[in-house]
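Quick note: the sequence shown uses UniProt numbering, first residue 1, plus one each step.
Take the hints with a grain of salt, since some may be wrong.
Stated by the list, open to error - So the derived label-pair ranges between C-beta atoms look like this:
(1) 227 - 256: 11 to 21 Å
(2) 247 - 296: 57 to 67 Å
(3) 240 - 295: 17 to 27 Å
(4) 247 - 280: 38 to 48 Å
(5) 295 - 238: 42 to 52 Å
Rather than coming from a laboratory, the hints here were simulated on the basis of the structure. All figures in this text were calculated on a predicted structure; none of them were measured in a lab. All residues carry an ideal CB built from backbone N, CA and C; glycine is no exception.
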Amino acid sequence: MSELLPPPPPPPPPGRDSGFGDPALVFPEFAAKQCVLEKVIEEEGEGEDSSYGKGSFDLSSRFSSPSISRNGFDDVENPRKASSFKRPPSGSRLSGFREEEEADRSRNSGSFVDHIGQEDKRICASGCFRKCCACTCMFVSIVLIIVLLVGLSANSSIKSILPQVLVTNLKFSRLDVAKSSTDLLMNANLNTVLQLSNNNDKTVLYYSPMKADISSENINLGKKMLPGFKQDPGNVTSLKILTRLRKSKVYDVDATLLTNKEKTLEAVVDVFLRGKLSVDWLGFKVHIPIVIACENVKQSDVINGVKPACDVRTFSQ
């Protein structure tokens, strides 16, 4: 005999959203989650109603629905995370945004004012620096111009009081060369006369002791130390320079040139005098270093009555 099977249980009542039964009856945890979601939806509705009368109306919040996870089990696994989620009311959210915007505006305006202040200080500092530089440059330029003008006037005044120097005599009283076992030895006596003229009307010239150097054809014909003297205005003074050379070693070429030119009265002589010239200026005595340079003086010109002029240089060594 076949056993009679019990009748199958009645199917569960169909749900509202799908053909499955209510998941809250099968999963107790899902029931707690569903209660939390309904609470959140109620709070959102209260916030929107309260803000509706104040002029703020969020259209998206009225037509939006709570998001459901893809598989329906994420919220079941993390009920704490879902329960802690709470959207703030839209009215409070707008007021918070407005406060943040006002704070940003005040911060930006303050930083802009500070930036403008720093720029003004920087511009003021640069302007003051430029003015100081301009004033300093002008002052230095004026001082340099004054010094230059004073120097030019002093130089012109000094040149006007310098004496006129001419070569009036140039004569060898002795010139010979003696041969030794190894060298050539020269003996020479030279008489040189310079004419110094003070062409100033009132200025008195004071000459310090001067050192005379005379040479010809790279041969030093002697040195002489001359005593100092005074020269009144309009005075003409002849300065005699006698030099002697004894057994001085010379090169054969230089000795031959000098002796041959002296025989034909074509010797060329250089005369240099170094010392100081003093003048009275505003009650003070001013000392001026001078060099009297008589270069390339031809013996024939002096003998023929031509008086070669010498150059008087100031502040020369």
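Provide an ascending list of the numbers of those earlier hints which the structure does not satisfy.
Of the numbered hints, 1, 2, 5 do not hold.
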